[in-house]
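Visitor: Below are the chains, spelled out letter by letter.
There are 2 protein chains.
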Amino acid sequence: MAASVWSVDPRTGKRREQVAVEATAREVDEAVRAAHAARGALADRTVRAALLRTAADLLDEAGEHVIEAADAETALGPGRLTGELARTTFQLRSFAEVVDEGAFLDIAVDHADPAAKPAPRPDLRRYKVPLGVVAVYAASNFPLAFSVPGGDTASALAAGCPVVVKAHPDHPGTSELCVALLRRAAARAGLPEGVIGLVHGFEAGVELVKHPLVAAAGFTGSVRGGRALFDAAAARPRPIPFHGELGSLNPVVVTEAAAAERGEQIGVGLAGAITLGVGQFCVKPGLVLAPASAAGDRLVKALTEAVSDTDQGVLLDSRMRDAFVAGVAERAALPGVETPVTAGSGGQHTVSAGFLTVPAAALAAGGDHELLLDECFGPVTVVARYEDETQIGAVLAALPGNLTATVQLSAEECAGQDGRGARLLAELTPLAGRLLVNGWPTGVAVAPAQHHGGPYPASTSTSTSVGATAIERWLRPVAYQDTPPALLPPELRDDNPQRLPRRVNGRRAG
Amino acid sequence: MAASVWSVDPRTGKRREQVAVEATAREVDEAVRAAHAARGALADRTVRAALLRTAADLLDEAGEHVIEAADAETALGPGRLTGELARTTFQLRSFAEVVDEGAFLDIAVDHADPAAKPAPRPDLRRYKVPLGVVAVYAASNFPLAFSVPGGDTASALAAGCPVVVKAHPDHPGTSELCVALLRRAAARAGLPEGVIGLVHGFEAGVELVKHPLVAAAGFTGSVRGGRALFDAAAARPRPIPFHGELGSLNPVVVTEAAAAERGEQIGVGLAGAITLGVGQFCVKPGLVLAPASAAGDRLVKALTEAVSDTDQGVLLDSRMRDAFVAGVAERAALPGVETPVTAGSGGQHTVSAGFLTVPAAALAAGGDHELLLDECFGPVTVVARYEDETQIGAVLAALPGNLTATVQLSAEECAGQDGRGARLLAELTPLAGRLLVNGWPTGVAVAPAQHHGGPYPASTSTSTSVGATAIERWLRPVAYQDTPPALLPPELRDDNPQRLPRRVNGRRAG
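Here the protein sequences line up with chains F and X, keeping their order.
Take 1 as the starting number for the first sequence in the numbering used here and just add one per residue.
Take 1 as the starting number for the second sequence in the numbering used here and just add one per residue.
Pulled out of the complex, with its shape left as it was, chain F reads as follows (with noise of 0.2 Å):
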């Protein structure tokens, strides 16, 4: 018998109902299989468009309830799922005007040309074509921006790909409430069902990586969970691509300019950063370098006593919570490491914030320190208090890949004295995909010039998940030679019936 998924109240840990069962390997199978053959219907961009603009209409008129149903299931509170709904709709809607605009097709049309040097140049044509099922996995720590409806489902369906969605666990319930207005939209659309599958259960997560009509996949979670993801889609007899987004330490560098001019506030903003969300963001910055002066101590004063005011808050789940508590215990309980708030079990069902400290040089050298440049999903941060800047980058040549980096800079700093600001930003452009000064990494901007991406493990590729250019991971070129009007596809003709942008003979036209 199919195993059970129920939908689970974390401010209590007990059951709420049961929503859905687990997918056996021949239900993965006849969702990937429905999911195939929707692809077909998909090809129309117009209806594309409309399928994801139906979408967030859909999603914005059950807006209560929607919203109602995350927070039962995540503990986010209504004021936080507001604002995810809004930047979930807001991104299918992007997305649709991504599809009319045409630039993600990348057509470019070169002319037969017979005296072309080196050789003879036949009539080339090309553009990019969906890729086939997009495999997506949702993440916990965002019901609905990166889950059912989120981004990587809506870049999928603009680059005309079906979508068949594995759960997270966290949210079921929520999920299927999604997926059926999706669904919705899609027959709205004048498209199949099938077009948009849900699976749960971590063996149907499994199994859909695996599957042979899986042609790419999207992931946003843990490191463990993506590896073995991204293990299985590259041992495939055909491996697909894996844009996964698995973990970001995030580091924050402090100079002592910024400390003597802006300490506390900079301790004030990094509370708020690390306790938004109750932590749980991939862009919680995780490490931050502070100099070991007066001016870093008044920063570190100023987070205490901000780290201290936070309410407790409720994790998203047990297994999450569990592994809070103890990997704050664990890096609490290194050598040189003070807890000038000790974070952890809060109530029966609610942790609170805290900060470790640990001198820099400490972190550089290693060993089992390294644990402090393991992500800590929850309200928590490492402050590695440096001596001068040589230890600053003897901590950032130990880093792995982030998905941000971050410098507090003195106002000359930022004006280019001492180069000090350019010289960090160059350190720390080669870790990360998104650097910040004078801001905080929480909060990503859906926008066009957005990246949300990193060197690994931030990524499994160089790909971004939001933002327009996140469609690109789901195509692929083509290029016709030599083919007769009559039979180009409408895009690549000469008379451009679309309007599309393109490049002709190399030159960027239209």
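Rather than coming from a laboratory, the hints here were simulated on the basis of the structure.
A couple of the hints might just be wrong.
Said to hold, decoys possible - Heads up, simulated EDC-like pairs for lysine to aspartate or glutamate below, C-alpha to C-alpha not over 16 Å straight-line:
| # | chain 1 | residue 1 | chain 2 | residue 2 |
| --- | --- | --- | --- | --- |
| 1 | F | 210 | F | 27 |
| 2 | F | 14 | F | 317 |
| 3 | X | 117 | F | 97 |
| 4 | F | 117 | X | 60 |
| 5 | F | 301 | F | 261 |
| 6 | F | 117 | X | 97 |
| 7 | X | 210 | X | 231 |
| 8 | X | 117 | F | 60 |
| 9 | X | 301 | X | 264 |
| 10 | F | 210 | F | 29 |
| 11 | F | 301 | F | 338 |
| 12 | X | 301 | X | 261 |
Let chain F serve as the given structure and place chain X on it in line with the hints.
Guide: Frame of chain F, contents of chain X only:
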């Protein structure tokens, strides 16, 4: 003692001279570290463009010597190699133009918008940065265009990535000669010589893909070798992108109407395509679907005559020759397979061209006949005779991914009659990266709209190894958030001092 690397004359099987030794693990490490140390010097795009153009000039100047060296090791002949050298220097200069234009940087600037929905938007500016040291695995069959000075090297240097090439054992002397020219070009451009390294030896190639400082790899070669390196790249603690071109059958479908209209011409054209370069092209048509009709018989008769008239040729090495002879014999022994012209061993060091026929129904039935769907390097192809269009579909459904797929259509089918041409193209598009109508896939134009890649095993990624977009393989995006103008890379400043094309607030500009 390090193993000697010999230059061998394929026309005699005799060793010519010792040209190098296999690199030890320590030497691979030194080459990678030297390349890594040179990456900063490549940051300036004008230096990169100068390097590429100077390399092209030096190769042209040394042309006679280079062609002589390559011919002595490959027996490809001065005619073909003169063309390949021209292609190689054209590629280098084309990538210099790509570097000058700067569109590959994919620059996007979004100005801050406090009133943006669904949330206030920070200032975000994105461009692409080089990944780091690129490992290039040279191909056997293109000692220049897909080897030391080839497209992978050119595109990686254009992207700002230093390169370490693993030489192909078929042309170590040519590799040494070319790397010396590239290093001379580097010196003239003011770059350290370590910016381009060369290693010999199988083990050195394995060490290279595992080296922690290698950030990406390009490969052109066999399924077996490429898959082993792909697996090693994916299994690293920190996996890296592996852009491999492994194998391709390059199916051709000849319609009944096309065979009726110009069966003889198609037969002669096909003979040329399978024997060009002694069949040693990755885009050689390895499977032809031809009608089992009188028109199809005329095609086969013309093919028989043209192939019979083809001179014997020398393959690149004795291993390849043995594999060809054995591979043809194994295929010819399958039930239902006929050999109108028997390919195989010619003289002592030559092979003769040929082809096999098989009923399409037998091929589609699978079993032992699946061997006919494996690429067989050398001057041979398989002609599958179909009774009706359903047999075409059945064979195509059994095919792995390909670099190219070709249809031969009648004039009326080209004009759109019956929809057959469009239907066949639509059926072939999921199978290949380049589609041709009434042409032959041999010959891969270096052009902006080119795509040389395809579903696995044609490629291990969705990228191309030929054409301007090949540069995209060696870059990753980085976004800068709220970064003061004084600290921004010049490419991202509002005044756009380098006059680069970019998107500003989502709209294309410049």
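Visitor: For every hint, state whether the structure bears it out.
Guide: The hints, checked one at a time:
{"no.": "1", "hint": "F/210 with F/27", "in the structure": "holds (14 Å)"}
{"no.": "2", "hint": "F/14 with F/317", "in the structure": "holds (11 Å)"}
{"no.": "3", "hint": "X/117 with F/97", "in the structure": "holds (15 Å)"}
{"no.": "4", "hint": "F/117 with X/60", "in the structure": "holds (14 Å)"}
{"no.": "5", "hint": "F/301 with F/261", "in the structure": "holds (15 Å)"}
{"no.": "6", "hint": "F/117 with X/97", "in the structure": "holds (15 Å)"}
{"no.": "7", "hint": "X/210 with X/231", "in the structure": "holds (10 Å)"}
{"no.": "8", "hint": "X/117 with F/60", "in the structure": "holds (15 Å)"}
{"no.": "9", "hint": "X/301 with X/264", "in the structure": "holds (8 Å)"}
{"no.": "10", "hint": "F/210 with F/29", "in the structure": "holds (10 Å)"}
{"no.": "11", "hint": "F/301 with F/338", "in the structure": "holds (13 Å)"}
{"no.": "12", "hint": "X/301 with X/261", "in the structure": "holds (15 Å)"}
The structure is consistent with each of the numbered hints, conforming to all of them.
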